[in-house]
Amino acid sequence: MRLDNYQTDGFYDEMFDEAGTPRSRADVLASRLSALSDGELVRRQKAADLTLLNMGITFAVYGHEAGTEKVWPFDIVPRIVDGAEFEIIQRGLRQRIFALNVFIDDVYNEQRILKDGVVPAELVFSASCYLKQCVGLKPPGGVWCHVVGTDLVRDGDGKFYVLEDNLRCPSGVSYVIENREVMKRTFPQIFGGLRIQPVEDYPERLLETLQHVAPPNTQSPNVVVLTPGIYNSAYFEHSFLAQQMGVELVEGSDLVVSDGYVCMRTTRGLQRVDVIYRRIDDTFLDPKCFRPDSALGVPGLMDVYRKGRVTLANAPGTGVADDKAIYAYVPRIIKYYLGEDPILNNVPTRICSEPEDLQYVLHNLSKLVIKPTNESGGYGIVIGPRATSEELAKCADLIRANPRNYIAQPMLALSRVPTIVDDHLEGRHVDLRPYMLYGKDIFVLPGGLTRVALRKGSLIVNSSQGGGSKDTWVLA
Amino acid sequence: MLSRVADSVFWLSRYVERAENVARFLDVNMHMTLDLGDSLSQQWEPLVATTGDHKTFSERHGPATRDSVWQFLTFDRKNPNSIVSCLYSARENARTIRGSLPSEVWEELNKFYLFVRGADVPNALENTTHFLGEVKRYSQLLVGIMESLMSRNEAWHFGRMGRNLERADKTSRILDVKYFILLPTTSEVGTPLDVIQWAALLKSASALEMYRRVRGRIAPEHVVGFLMLDQDFPRSVRYCLSRAEESLRAITGSPEGTFQLRAEKLLGRLRSEFEFTQAADIIHSGLHEFIDRVQLSINEVDAAIFDSFFATQPIANVSEQSQSQTQSQSQSQSQSQSSSTAE
Numbered sequence: 007m008r009l010d011n012y013q014t015d016g017f018y019d020e021m022f023d024e025a026g027t028p029r030s031r032a033d034v035l036a037s038r039l040s041a042l043s044d045g046e047l048v049r050r051q052k053a054a055d056l057t058l059l060n061m062g063i064t065f066a067v068y069g070h071e072a073g074t075e076k077v078w079p080f081d082i083v084p085r086i087v088d089g090a091e092f093e094i095i096q097r098g099l100r101q102r103i104f105a106l107n108v109f110i111d112d113v114y115n116e117q118r119i120l121k122d123g124v125v126p127a128e129l130v131f132s133a134s135c136y137l138k139q140c141v142g143l144k145p146p147g148g149v150w151c152h153v154v155g156t157d158l159v160r161d162g163d164g165k166f167y168v169l170e171d172n173l174r175c176p177s178g179v180s181y182v183i184e185n186r187e188v189m190k191r192t193f194p195q196i197f198g199g200l201r202i203q204p205v206e207d208y209p210e211r212l213l214e215t216l217q218h219v220a221p222p223n224t225q226s227p228n229v230v231v232l233t234p235g236i237y238n239s240a241y242f243e244h245s246f247l248a249q250q251m252g253v254e255l256v257e258g259s260d261l262v263v264s265d266g267y268v269c270m271r272t273t274r275g276l277q278r279v280d281v282i283y284r285r286i287d288d289t290f291l292d293p294k295c296f297r298p299d300s301a302l303g304v305p306g307l308m309d310v311y312r313k314g315r316v317t318l319a320n321a322p323g324t325g326v327a328d329d330k331a332i333y334a335y336v337p338r339i340i341k342y343y344l345g346e347d348p349i350l351n352n353v354p355t356r357i358c359s360e361p362e363d364l365q366y367v368l369h370n371l372s373k374l375v376i377k378p379t380n381e382s383g384g385y386g387i388v389i390g391p392r393a394t395s396e397e398l399a400k401c402a403d404l405i406r407a408n409p410r411n412y413i414a415q416p417m418l419a420l421s422r423v424p425t426i427v428d429d430h431l432e433g434r435h436v437d438l439r440p441y442m443l444y445g446k447d448i449f450v451l452p453g454g455l456t457r458v459a460l461r462k463g464s465l466i467v468n469s470s471q472g473g474g475s476k477d478t479w480v481l482a
Numbered sequence: 094m095l096s097r098v099a100d101s102v103f104w105l106s107r108y109v110e111r112a113e114n115v116a117r118f119l120d121v122n123m124h125m126t127l128d129l130g131d132s133l134s135q136q137w138e139p140l141v142a143t144t145g146d147h148k149t150f151s152e153r154h155g156p157a158t159r160d161s162v163w164q165f166l167t168f169d170r171k172n173p174n175s176i177v178s179c180l181y182s183a184r185e186n187a188r189t190i191r192g193s194l195p196s197e198v199w200e201e202l203n204k205f206y207l208f209v210r211g212a213d214v215p216n217a218l219e220n221t222t223h224f225l226g227e228v229k230r231y232s233q234l235l236v237g238i239m240e241s242l243m244s245r246n247e248a249w250h251f252g253r254m255g256r257n258l259e260r261a262d263k264t265s266r267i268l269d270v271k272y273f274i275l276l277p278t279t280s281e282v283g284t285p286l287d288v289i290q291w292a293a294l295l296k297s298a299s300a301l302e303m304y305r306r307v308r309g310r311i312a313p314e315h316v317v318g319f320l321m322l323d324q325d326f327p328r329s330v331r332y333c334l335s336r337a338e339e340s341l342r343a344i345t346g347s348p349e350g351t352f353q354l355r356a357e358k359l360l361g362r363l364r365s366e367f368e369f370t371q372a373a374d375i376i377h378s379g380l381h382e383f384i385d386r387v388q389l390s391i392n393e394v395d396a397a398i399f400d401s402f403f404a405t406q407p408i409a410n411v412s413e414q415s416q417s418q419t420q421s422q423s424q425s426q427s428q429s430q431s432s433s434t435a436e
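Protein sequences appear in the order of chains A and B. Residue 122 in this note's numbering sits at position 116 of the first sequence, and the numbers go up by one each step. Residue 414 in this note's numbering sits at position 321 of the second sequence, and the numbers go up by one each step.
Treat each hint with caution, since some may be false.
To be verified - These stretches of chain A come out as covered by chain B in the derived footprint (C-beta under 8 Å, 3 or more residues):
id: 1; segment: 248-255
id: 2; segment: 268-281
What the hints assert, rightly or not - Here's a subset of chain A near chain B, in silico, CB distances under 10 Å, partners left out:
id: 3; residue: L59
id: 4; residue: N60
id: 5; residue: M61
id: 6; residue: G62
id: 7; residue: G199
id: 8; residue: V231
id: 9; residue: T233
id: 10; residue: I236
id: 11; residue: Y241
id: 12; residue: F242
id: 13; residue: H244
id: 14; residue: S245
id: 15; residue: S259
id: 16; residue: D260
Keep in mind that the hints were calculated from the coordinates and are not lab data. All values derive from a computational prediction rather than experimental measurement. Just so it is clear, CB atoms sit at the ideal spot from N, CA and C, and this is done for glycine as well.
Just need the whole structure built from these sequences, with the hints factored in.
Dropping the structure here:
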């Protein structure tokens, strides 16, 4: 197929340089693609779509009819990351996660960083994910955020920036593994001799991490995955991870607190549970401790947790560190605890709760991207340059009414990757979410989820809003 | 294993087996009526009676014609026992326990559901043999995958128990079809037409060839004996009850000849009744009446299994998840089919 008419349109393209020549990391892939006969790539794409449908790799979309499953949109042209470049990313992420974990532990215990005035205390205490119920907690091994997914983007300057940290229940890693599986099933020829770093060992490492953080002195810990149920948007992932680790996938109603321990109801009576990889939000965990209306959680769970008789991964309360206003302080947090400069840069961020920033933001709305600090999934974002004047006015009102709730960032020129559109390739914007596990040490999965905004020109990569994904190859 | 998972494996297997047997019902009825003269060639109402869903049917469809019965038993989503509804429920059950099943089981079941859901209805009604054949093939493929991939753990035994209880119930209903289908006159009993109908019945249970090897010529008493009482044929009621009981004992650990739970007592009793019954006894007591009793007993076993394993915790939100999905016996009016999974 022809690649010579592919346009980079002035964006950083992950496969081609400005002159349209394949980058060195992608030259083998580019030559294999161009050797394909006309229509072959589209046929492979259709085969991949069918495979995804048959495998039942789906996600649920909220706001639609209950239980609506959509097949995971997947584009078979992979995104390639250079091995040496990814090594820097890995180091940067380890540094960042280590510092954020110390930060969480500090915030809920000594609060040194607040007393030293490095992060404003009122910003922390007003974060919607700060939980006073977690004050004084000491999780096993001092690890709070066991599973982390961090969103990175590459800007027009070719550099990676951290867009946001996901320290609560990041999802998507199952798609990293399944994307690779689908690629291998439908397009095996493309892999030959490329030495792509494997991602398939993630479930093994996740199990190892979860077992490692079990309450002290637990012989062969019993690990479970806790899901809100089949109508949750990430249910596929919950069942996939439980299956791949060989552990039970439980719902809140399968668990009960009995004699001071968390147990699951089995056909042979109650059986003790030592580690819960929970995929339900903090405030739903225990109706006795948090939201009394939660039907998803386990009454009394937090008492058992406080006594150190069960481990929750991630620990409750971690969301305080991925609040979007706290995000702006992460470089200072790293410096404070580690005495190091951050290896990965933040996107420059204006915090609307700070008066100077607020004035700047209100004067420059049409140039900025405005994000609510406590939303995820791409909801509530206003892209200034693309908004109508009414939308901007409405946005300004919202910011003035509750400045704490907003941050603003410059508009980034997200890098692009060739993506199948009808019968040819066009550039589409992508981000990258690598996954980390924090147990005995910090492991960064080589690769990650490349999400792609399938609509022309769109910057929103979330699967709930028209995003797709790509296999991500980190070369050895 | 988790009670909820046990419940879902049990029902997933039953629903797949049920879908396969609905295909077998349609198959046998079609073959039996094709050979009859015009006046009797439209006997589709009896089939609905056999499945125990005649009340739901008459509410929704009115008079029974070939097309309305077909529609009702295959693609009618409002009929909880239609093939498409069975697969929907099987898949929802599988989805809630996807983590406990081999991925191959999930993938084939998903394809099975997508095949039925996506079927071109007019074409399937036109080309029935192909459609029914595919339903049977998919079901058998699933059984084969579970046989060859699953450790013989509790999950496997719950699945096997569910499948065999469902199959025992349905084989008895297939036999019941013959009771309902009328011959032109009573003097036709024993004629070639009668023989052909009994043979068609065996065929729909995939039993004709195995029958021939054991019994040779077709005789009603022998057919009843084979489908009800044969020790070795895997779709005979006795065989299915024995396998179900084996799995139940494997789950509870009770030695042969003993019981701890009511379910074991009821199932053991039913199985032993089959061991000490002859075909002549069944015909003497009335085939249809005997079949009715068997279906009632199986429903009692179901209820006892539910009480012993799936409903043991007196917590409100657990009982909400329970399923009680027995089909009523063929003549009874009641229908207790409810599923926790929303359409």
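Now for the hints, and whether the structure bears them out:
1. 248-255: holds (count 5)
2. 268-281: holds (count 4)
3. L59: holds, 7 Å
4. N60: With a closest approach of 5 Å, the N60 (chain A) hint holds.
5. M61: holds, 6 Å
6. G62: G62 (chain A) check passes; min Cβ-Cβ to chain B is 4 Å, inside 10 Å.
7. G199: violated, 28 Å
8. V231: Holds, about 7 Å.
9. T233: holds, 9 Å
10. I236: holds, 5 Å
11. Y241: holds, 8 Å
12. F242: holds, 8 Å
13. H244: Constraint on H244 (chain A) satisfied, holds at 8 Å.
14. S245: holds, 4 Å
15. S259: This interface hint holds because 5 Å falls under the 10 Å limit.
16. D260: Hint on D260 (chain A): holds, closest Cβ of chain B at ~5 Å, below 10 Å.
Violated hints amount to a single one, hint 7; each of the other numbered hints is respected by the structure.
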